[in-house]
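Spelled out, the chains give:
Protein chains: 2
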Amino acid sequence: MRCDTIKFKKAPKIVGSFSIVGPKEGEGNFKDYFDYIMKNDLFGEKTFEMAERKMVETAITGAIQNAKLNVKDIDILVAGDLLNQIISSSYAARAFNFPYLGVYGACSTMAESMAVGAILVDGGYFKNVACCTASHFSTAERQYRFPLELGNQRPPVSQWTVTGAGSCVISCEGEGPRITMATFGKVIDWGIVDVNNMGAAMAPSCASTLLAHFENTKTSPDDYDLIATGDLGKLGSEILIDLMEDKGIKLGLNYCDCGQMYYKRNQNTLCGGSGCGCSATVFNSYIMKKLKSGKLKKVLFLPTGALLSTTATQQGESIPGVCHAIVCES
Amino acid sequence: MRCDTIKFKKAPKIVGSFSIVGPKEGEGNFKDYFDYIMKNDLFGEKTFEMAERKMVETAITGAIQNAKLNVKDIDILVAGDLLNQIISSSYAARAFNFPYLGVYGACSTMAESMAVGAILVDGGYFKNVACCTASHFSTAERQYRFPLELGNQRPPVSQWTVTGAGSCVISCEGEGPRITMATFGKVIDWGIVDVNNMGAAMAPSCASTLLAHFENTKTSPDDYDLIATGDLGKLGSEILIDLMEDKGIKLGLNYCDCGQMYYKRNQNTLCGGSGCGCSATVFNSYIMKKLKSGKLKKVLFLPTGALLSTTATQQGESIPGVCHAIVCES
Chain A
803 MRCDTIKFKK
813 APKIVGSFSI
823 VGPKEGEGNF
833 KDYFDYIMKN
843 DLFGEKTFEM
853 AERKMVETAI
863 TGAIQNAKLN
873 VKDIDILVAG
883 DLLNQIISSS
893 YAARAFNFPY
903 LGVYGACSTM
913 AESMAVGAIL
923 VDGGYFKNVA
933 CCTASHFSTA
943 ERQYRFPLEL
953 GNQRPPVSQW
963 TVTGAGSCVI
973 SCEGEGPRIT
983 MATFGKVIDW
993 GIVDVNNMGA
1003 AMAPSCASTL
1013 LAHFENTKTS
1023 PDDYDLIATG
1033 DLGKLGSEIL
1043 IDLMEDKGIK
1053 LGLNYCDCGQ
1063 MYYKRNQNTL
1073 CGGSGCGCSA
1083 TVFNSYIMKK
1093 LKSGKLKKVL
1103 FLPTGALLST
1113 TATQQGESIP
1123 GVCHAIVCES
Chain B
803 MRCDTIKFKK
813 APKIVGSFSI
823 VGPKEGEGNF
833 KDYFDYIMKN
843 DLFGEKTFEM
853 AERKMVETAI
863 TGAIQNAKLN
873 VKDIDILVAG
883 DLLNQIISSS
893 YAARAFNFPY
903 LGVYGACSTM
913 AESMAVGAIL
923 VDGGYFKNVA
933 CCTASHFSTA
943 ERQYRFPLEL
953 GNQRPPVSQW
963 TVTGAGSCVI
973 SCEGEGPRIT
983 MATFGKVIDW
993 GIVDVNNMGA
1003 AMAPSCASTL
1013 LAHFENTKTS
1023 PDDYDLIATG
1033 DLGKLGSEIL
1043 IDLMEDKGIK
1053 LGLNYCDCGQ
1063 MYYKRNQNTL
1073 CGGSGCGCSA
1083 TVFNSYIMKK
1093 LKSGKLKKVL
1103 FLPTGALLST
1113 TATQQGESIP
1123 GVCHAIVCES
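From first to last, the protein sequence lines are chains A and B. Residue numbers for the first sequence follow the numbering used here, so the first one is 803 and each next one is one higher. Residue numbers for the second sequence follow the numbering used here, so the first one is 803 and each next one is one higher.
If you are wondering where the hints come from, they were derived from the structure by calculation, not from laboratory data. Careful: at least some of the hints might be erroneous.
If several chains are the same, the list does not tell them apart, and a pair holds so long as it fits within one copy or across any two.
[Claimed, not checked] Derived SDA-like pairs: lysine to any residue, alpha-carbon spacing no greater than 25 angstroms straight-line:
#1 848 <-> 1017
#2 1036 <-> 1025
#3 848 <-> 982
#4 1036 <-> 1132
#5 809 <-> 1027
#6 809 <-> 926
#7 929 <-> 1013
#8 1066 <-> 1018
#9 1049 <-> 899
Remember, predicted model here, so these are calculated numbers, not experimental data.
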């Protein structure tokens, strides 16, 4: 019988983390937890794409400093992002003198990079692994949807791509919350074709991974202080709650979605935040700080990704989703 | 002192492999080694992108069959490709009922996926891992360069994107060549801005990984029956030979480049083959068959990737390269 869940023998530690966000994100619900709030979305660069790359560099450097390590202590970077050919990660990797393993799981990338990072450390292959992902409202919108200048209306089911980057360092030594388990998810596609409705497209993959995780680990929602999905948003997280209830599992008050909680009600983000940076900045700020202080003891973190591209959409394809889960314990 | 090279304790085995190529590739130098040659580039699908997805599905299924395993035996798929948001891999993953770990290293993806796959097996995390990558001339050309209908002239330094997919199954049990080492590469950028000259852009990253590999493993070119780079092409492999000679290392007759050797002289591919499918189909046909028969005993396989995107290029960015290496022994 196949088991998609890894239980780490050595429980690699998250020894450092860093979050950097844009000004709008800096006015949202997690504003007191972020490490750096940019004054504007260009971050001193000529284009939004260059700004996103610089955010990745800043997040990685910040996480290494937060871990009280030097750049030369890092063995490898595991990173990815939403832009075509994951350029934010690849071009940022150029700035560092350590190897680079590019990954892609759309907005599930933070958990994917952390799961791979934990494997590299737990297996004894590397000592210190940096993990990172990012997204930027202006680069994602113009790549996936419409030119920014168009100022088009946004449907009620849409979400707002978070401008933010999150990074952490996973290590076999030092102090920090431990990664105890990881569950890799299957690609699930229930035929959603509305590119504005990411929550509905991703919820089934989230339910699939969550069910597999509970079954493989013989745990239930009550075993976790916090179950945090990535960016299902208001609608997607409602769908997830329904899908789980259909399977006899009730997600209670310890369940939340990073995207749903990200912005304040008056920030006009409709169904909430989205993008790789959404769950990445919440995890590497709020969740990490609560784990470190012991306010949270056991967190199930499961960001979801919509694996579409504009080409696939233009050719009439529906939107597959994927969701990877990790368990962190203080 | 950091070491970028992993030496696998259990030496995971490549128990199955499969290669599928287009008609032009089926007339090239490796025609007698491929498992499946398509009659045309559409492979019964409506678009080239859909054909590429079907090629990935076919390669994965073929490798599983070649390994004498069933789909239900596979624990996870590690795959990636050149298309935006690696859709060929992600949409193919939809067809299988196992988890999916998306990776991206441009044309270095076959080695990256195999290195990650070997880690997952060697570390005892999974039993059978499928690895795959693909490229398609018609999808890559119209994504990276010009519409196919334009029929524009190709400069002498250009290469021809291979239409092909290669897949293998890495396992802790069974019979097959062993993966004994893997070296993850750094991202290197020497400022090449000509998007037609991939060989020059990637050669420095290849030299970087090759030097690190030789140093970490205390080996020299003579220790390998075959040193095969991925798709440096005629020019890029000449540059690599020069760069290595500058460092006092002479690459001799046991060095070859998959891209340079791919097509026949009269096939008008200028500097040779390129694309993820180039080294992937050579490895999973010719190299695997020679390793299995014992004609090759120790192979150093190091595909290179150019990490550019059209957006990065349009914004004046140069082309970073990356190269991951694996060692396979019969």
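How the hints compare with the structure:
1. 848 <-> 1017: neither (49 angstroms within a copy, 40 angstroms between copies)
2. 1036 <-> 1025: within (24 angstroms within a copy, 59 angstroms between copies)
3. 848 <-> 982: For residue 848 and residue 982, the Cα distance exceeds 25 angstroms both inside one copy (41 angstroms) and across copies (45 angstroms).
4. 1036 <-> 1132: neither (28 angstroms within a copy, 54 angstroms between copies)
5. 809 <-> 1027: within (19 angstroms within a copy, 39 angstroms between copies)
6. 809 <-> 926: Answer is both; intra-copy 15 angstroms and inter-copy 11 angstroms each pass.
7. 929 <-> 1013: between (32 angstroms within a copy, 22 angstroms between copies)
8. 1066 <-> 1018: neither (36 angstroms within a copy, 52 angstroms between copies)
9. 1049 <-> 899: between (48 angstroms within a copy, 19 angstroms between copies)
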